[in-house]
Every structure is written in structure tokens, then in C-alpha cells.
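Novice: Line by line, the protein sequences give chains A and B. Here the first sequence is numbered in my numbering, starting from 1 and rising by one per residue. Here the second sequence is numbered in my numbering, starting from 258 and rising by one per residue.
Bear in mind the hints are in silico, worked out from the structure with no lab data behind them. Note that the structure is a prediction, hence the values are computed from the model and not measured. Backbone N, C-alpha and C fix where the C-beta goes; we use that ideal spot for every residue, glycine too. The reader is advised that the hints may include incorrect statements.
Said to hold, decoys possible - Here are some chain A residues pointing at chain B (derived, C-beta under 8 Å):
{"#": "1", "residue": "E96"}
{"#": "2", "residue": "R98"}
{"#": "3", "residue": "D100"}
{"#": "4", "residue": "F173"}
{"#": "5", "residue": "E188"}
{"#": "6", "residue": "E231"}
{"#": "7", "residue": "A235"}
Chain by chain, the residues:
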Amino acid sequence: MRSLVPSLLFAALFVATVACKTPGVAPPPELSVAAATSLREVMPELVRAYVKAHPDRRVAVTYGASGDLKKQVEAGAPIDAVLFAGAKPVDDLISEGRVDSASRHVIASNELVLVGQPRDGGASPLTFASLTSIPAAEKLAIGDPRTVPAGEYARDYLTSLGEWTALQPRLVFGGNVAAVLVYARRDEAVAAVVYRTELRGVTDLVELDVARGANAPHPKVVAGSVHGASEQSTAFLQFVTSAEGEKVLASFGFGPP
Amino acid sequence: MTADAVFPVVLSLRVATLALALIGPIGVALAFVQARARYRLRRLVDALILLPLVLPPSVLGFFLIVTFGRRGLLGGLLERAFGIRLVFTPAAAVIASAVVALPIVVKTVQPAIESVSADLEAVARTLGLSPSAVVLRVTLPAAWRGVLAGLVLGFARALGEFGATLMFAGNVPGRTNTMPLEIFTAYQTGDDARAGLYVGILTVLSLVIVLAANSASPRMLAR
Numbered sequence: 001m002r003s004l005v006p007s008l009l010f011a012a013l014f015v016a017t018v019a020c021k022t023p024g025v026a027p028p029p030e031l032s033v034a035a036a037t038s039l040r041e042v043m044p045e046l047v048r049a050y051v052k053a054h055p056d057r058r059v060a061v062t063y064g065a066s067g068d069l070k071k072q073v074e075a076g077a078p079i080d081a082v083l084f085a086g087a088k089p090v091d092d093l094i095s096e097g098r099v100d101s102a103s104r105h106v107i108a109s110n111e112l113v114l115v116g117q118p119r120d121g122g123a124s125p126l127t128f129a130s131l132t133s134i135p136a137a138e139k140l141a142i143g144d145p146r147t148v149p150a151g152e153y154a155r156d157y158l159t160s161l162g163e164w165t166a167l168q169p170r171l172v173f174g175g176n177v178a179a180v181l182v183y184a185r186r187d188e189a190v191a192a193v194v195y196r197t198e199l200r201g202v203t204d205l206v207e208l209d210v211a212r213g214a215n216a217p218h219p220k221v222v223a224g225s226v227h228g229a230s231e232q233s234t235a236f237l238q239f240v241t242s243a244e245g246e247k248v249l250a251s252f253g254f255g256p257p
Numbered sequence: 258m259t260a261d262a263v264f265p266v267v268l269s270l271r272v273a274t275l276a277l278a279l280i281g282p283i284g285v286a287l288a289f290v291q292a293r294a295r296y297r298l299r300r301l302v303d304a305l306i307l308l309p310l311v312l313p314p315s316v317l318g319f320f321l322i323v324t325f326g327r328r329g330l331l332g333g334l335l336e337r338a339f340g341i342r343l344v345f346t347p348a349a350a351v352i353a354s355a356v357v358a359l360p361i362v363v364k365t366v367q368p369a370i371e372s373v374s375a376d377l378e379a380v381a382r383t384l385g386l387s388p389s390a391v392v393l394r395v396t397l398p399a400a401w402r403g404v405l406a407g408l409v410l411g412f413a414r415a416l417g418e419f420g421a422t423l424m425f426a427g428n429v430p431g432r433t434n435t436m437p438l439e440i441f442t443a444y445q446t447g448d449d450a451r452a453g454l455y456v457g458i459l460t461v462l463s464l465v466i467v468l469a470a471n472s473a474s475p476r477m478l479a480r
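Hey, can you work out the whole structure from these sequences and the hints?
Specialist: Here it is as C-alpha cells:
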């Protein structure tokens, strides 16, 4: 029992030290942003530009499928701002009262494309309209429509083309859009449906087709502040929607909102 | 339950059964070698057998992809020679489950074989039994409780495989969505009732399996 006393004293000292560490002028807490996987290349640049303009700010970004991140916000994860690859997950959070509707902004647009390995000669290249010609043993990779907006767009578009049901046995679902891209890069899938911005810097895949026509989806990047988040969250989203933010987004291939 | 809800249950049981059929004989044979043979690299082989137990499933998944993927060391060969593609198939789920089940089978069976007296085997040999007959008619029958426990626990581990399966077999609804994968997707999409269904089934199944293994080999597990 006696041996417990020193360790208890040590623990008390430790707690006291940690408690004292908060200085008089507290730096603003780190802003925690949840961003769609499709933003993983552009976000670091946006954050860099934002911190350059506001040197006392710190931003931590977590990436994932928008549906997964939405689930984390619902579960109470300490997230201040969300930037999702579609309007639906943001609007769901707004209707649940977790994201402030006034903070909702469409910050960029994207395009849905069909990508695959470059193949030489012979058969005509795959297009969205000819996907059902994929041999039975081959796979078409799309995002899981339940959690990945790119997959939801793909499902809706393929449904409008009347191919969704026929394609079922050939589909393989990726947990986020980066995983979908990798399935095609590793040649495990003959083609993949991703955003055009995913092809930036990718040299081993080619764009086979782009979704067009009346039923073509118009993917949007939509942002919002989580209810109760600090003023910093609003400031960051204002920066992203500013001319400077739009310029960064455009340089990574995103279209105007 | 609808057919769509039953599928992951049937698939999981089928995958675990096939994984056990694949790894069971190998595991028992390895346990026998490790228990009886004394050779130079025995310790290294022992460590290699244990590895899938301590490595993260993502590491196993990575190894499986670089080995059996289309661009992998064996995957390309398999496709060119036999037209076999493993990634995104139930066969990939079987292989992933078999790999994680191996250490449990070997490490449960090995002590049971070690506990069989070497004198017993020596006597059998003096009475004219061939070495393979000694194994099949003396050693394994004497160690049957441990062998059974090893196989049953291996089945349970195969049933619960998640990470390597997700990487190697993918999450293809109606093809590779075993119960653990289905729990993950159902949770991610907020379908807690569906996740709970498989959580319940897996918990009860695993409890029954561990109880069965326990009664097969009480001395080894019930300490």
C-alpha cells in the first residue's frame, strides 16, 4: 500500500503540469475538417494558402468517403467543417440539425468519367453506352453507392442508361474514389467510373468517356459548418469560396461552382 | 430473412468450411513436423507459422495482392496458364481466411501431438507399423481432442476474417460480402439493424464454437 503513495504523488504532479501548460493567451484551437477523398490532392494546397493568409491558424484534415465521414459527424466526432463530394450527405446533416444551413456552399463542380488502361488495336474502346459489352469475367469498378458519392452518381447514370441491372455481376465496389481508381490502375478492373480530377497526374490510365446527355450527373463539392463549430470554420469556408480558393481548386482541375 | 440477408451467412459458412478444408490437413501436418522433427530451421518455421496471428490483416492483404493480383508474382502466371483470376472472387476470401486460420490450427494441434508419448510410437514401430501408419493409427488418434479443438478454432477464426478479405476479395455484393464485411458496410451506411443481425449471429456462432473446442480439449483451453 505504501508503495502506492509515490506513484499517486507522481500522477498528481503530472496532471498539475499538464493543467498548467495552458498559457495566458491560448492559441486558437486546431480547425478540424472532414473532406471527401476526391479532395485529397487539393486540400493540402487550400490549407497551405489559408494558413499563409492566417499564420496563427492550424487546420487538420481527415479524408474518407463522404458517406463514411457523414457517419462520423453523426456519431459526434469533433469535426468543425465538412467538404463532401455531393450535396446529399451535407443536406442530410443539415436536416438532422448537425450542419448549419446558412453555412452550406457549393464550392466546385466536377465531371464523371470512365477510365481504363490504354489498350491497343482491335476492339473499339469502351464507352458508358457500351459497358454491357464488358466480358463476364471482367470487372467494372465504381464507388460503393451507399457511401461514396462518385458511386451514387455512377449508379444513377448507369440506371438512366438502362445498364445498371445487367452490370450487377460485373461490378466491384471501392470504399472511396481513390480505391476505385486503384482497381483500374492495378488492372483488376477493366474500367472504373471516377471524377475527372482523379486523372490528374495519372499516366497509366486514359479517359475512355465522359458522362453526357440529359441524365448526366453534375457532381458538386458542397461544404458546410458543423453546428456549434467555431468562427474559424466559417472563415476557412469563406476562404475556400473566395477568388483565391477558387483559383486553387481550378488549378487542380475542379470546375466553377 | 430475405435471400439478400441470408447470403452473407451462407457465404461465410461456405468460405470458412473451404478454408478449413484447405488449411486443416496442412496445419495438422505442420503441427506434426514441428512437434516431432528436429531440424535446423525449426525455429524460423515456427515464427513464420505464427506470423499471420500477429501481423495486421492489412499486411496479409497486401502480401496476398502482390502475390495473387493480376500484376502479382503468381497471379499473372495463374491467369495466363489456367485463366484463373482470384482478386474479387470468393476463392480469394477462402485463401485469406485460410492464411489467418493456419497459426491457430498449428498452435492448438502441436501441443496435443507433443503430449503423445514418444514411447507409444516407438512400441508401435517395434510391432511392425510403418512410420505413416504410426502417425495415422497411433499419434493422431491419441491426440484427437487437440486436433479437433485446433480445427474447430481454425474454423472460428476463418469465419471472422475481415481485413485481408476486404483487400484481397473486395466487397462485391452477392459474391464476397461475408458477414464481417456486411457488418462493416451496414454500420457505415447507418443500417444498425442489419449490422446487429450479423453481430448477433457471429457472436452466438463463435461462442458455440469456442464451447465446443473447450469440451473437445478441456485441459488445453480451460485454464
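Novice: Hint by hint, say whether it matches the structure.
Specialist: Status of the hints after comparison with the structure:
1. E96: violated (11 Å)
2. R98: Violated, about 13 Å.
3. D100: violated (21 Å)
4. F173: Where the cut-off is 8 Å and the nearest Cβ of chain B is about 5 Å from A:F173, the hint holds.
5. E188: With a minimum Cβ separation of about 5 Å from chain B (threshold 8 Å), the hint on A:E188 holds.
6. E231: With a minimum Cβ separation of about 30 Å from chain B (threshold 8 Å), the hint on A:E231 is violated.
7. A235: violated (31 Å)
In this structure, the hints that do not hold are numbers 1, 2, 3, 6, 7, in rising order.
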